[in-house]
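**Q** Sequence:
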Amino acid sequence: MQDSILKVENLSFSFEATGISKVKRKKLSFQPKNRQRRSANVSRLTAEKRAFFIENLNFDLKKNDFFIIIGPNGSGKTTLLQLCIGNLASESGEIILIGKNIKYYNRLEKSKILAYLPQKIPLDLHIKVLDYVVMGRYAHKALFEDYNENDYEVARLYIKKLNLERFVSRDFATLSGGEQRRVMLASALAAEAEILVLDEPDAFLDVGYRKEFFQLLKRINLIENKTIFLASHDLSISFQYADRVCGLKNGQILFVESKENITSKMLSSLFNTDVDIIRYNGREIIAY
Numbered sequence: 151m152q153d154s155i156l157k158v159e160n161l162s163f164s165f166e167a168t169g170i171s172k173v174k175r176k177k178l179s180f181q182p183k184n185r186q187r188r189s190a191n192v193s194r195l196t197a198e199k200r201a202f203f204i205e206n207l208n209f210d211l212k213k214n215d216f217f218i219i220i221g222p223n224g225s226g227k228t229t230l231l232q233l234c235i236g237n238l239a240s241e242s243g244e245i246i247l248i249g250k251n252i253k254y255y256n257r258l259e260k261s262k263i264l265a266y267l268p269q270k271i272p273l274d275l276h277i278k279v280l281d282y283v284v285m286g287r288y289a290h291k292a293l294f295e296d297y298n299e300n301d302y303e304v305a306r307l308y309i310k311k312l313n314l315e316r317f318v319s320r321d322f323a324t325l326s327g328g329e330q331r332r333v334m335l336a337s338a339l340a341a342e343a344e345i346l347v348l349d350e351p352d353a354f355l356d357v358g359y360r361k362e363f364f365q366l367l368k369r370i371n372l373i374e375n376k377t378i379f380l381a382s383h384d385l386s387i388s389f390q391y392a393d394r395v396c397g398l399k400n401g402q403i404l405f406v407e408s409k410e411n412i413t414s415k416m417l418s419s420l421f422n423t424d425v426d427i428i429r430y431n432g433r434e435i436i437a438y
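Taking this note's numbering, I'd label the letters of the sequence shown as residues 151 to 438.
Source of the hints: derived by calculation from the structure; they are not laboratory data. Check before you lean on any hint, since a few could be wrong.
DEER-style ranges, computed between Cβ atoms [unchecked claim]:
id	residue 1	residue 2	range
1	I428	E299	51 to 57 Å
2	R257	A437	42 to 48 Å
3	D424	Q402	17 to 23 Å
4	Q365	R316	16 to 22 Å
5	D274	E299	27 to 33 Å
6	D153	K262	17 to 23 Å
7	N298	P222	43 to 49 Å
Every residue, glycine too, gets a C-beta built ideally from N, C-alpha and C.
Build out the structure end to end from the sequences listed, making use of the hints.
**A** See below:
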């Protein structure tokens, strides 16, 4: 049995968010000076507070896993990733990273193990692709330390591996969404971390770019021996590339299973709609 590289034990977290409630309408009467009394419908927005909870989560990540968290919008996928990389502090429970509680790692130690790819692309970032990729080397630098030639060599290596040489002098902001995702991935790889953590990397990508990006991730998983830990809402992608899948709903884990053991009933319960898994020639086809 493989050893756990990251283990979540009895993890709990909560926060209260303020949102906007539905519009409330009220009929008011008024009389302009020297004019007939009139009435009008006046709308107003009211604030409401909504609580979100993650309670007593338990799962582990194996070395060289391709582990995908799936779930409906608002299920807590991004929050869980943020907890697992130490960007949020849990109220109780532990996150054990290579045998040590994540809260005891300093910035450099943690960055050498975990590389994070956020969901949002920095669209207005005007920086050359090479300079963007080399920023992944911050995990190996002291505070305010400049990047050296070795850092740029590592950056160029991953630019080459991801077939980005033709973009090396391009402005990051001028690239397409799929190209930007690949540049962000090259920067994460330049950190030479053991675990790649990605928050919905397929968001805003068309079908072609999505397939290309996940094929690239799978090659990195198999050839570079990287552990892949990501959140996605795309069931087809999850079943095509994952080793194991975690179903998260309303801050609760419904299942953690290898994709071969997941049933249509599990997915239907997770997404509150009928989902069928059709298994044919060693592949899983999702119908809903």
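**Q** Taking the hints in turn, state whether each one holds.
**A** Hint check results:
1. I428 to E299: 51 to 57 Å: holds, 53 Å
2. R257 to A437: 42 to 48 Å: With Cβ atoms ~45 Å apart, the hint holds.
3. D424 to Q402: 17 to 23 Å: holds, 21 Å
4. Q365 to R316: 16 to 22 Å: holds, 19 Å
5. D274 to E299: 27 to 33 Å: holds, 29 Å
6. D153 to K262: 17 to 23 Å: Because 18 Å falls inside the window, the suggested range holds.
7. N298 to P222: 43 to 49 Å: Holds: the Cβ-Cβ distance is about 46 Å, inside 43 to 49 Å.
Violation of the numbered hints given earlier is absent; every hint is satisfied by the structure.
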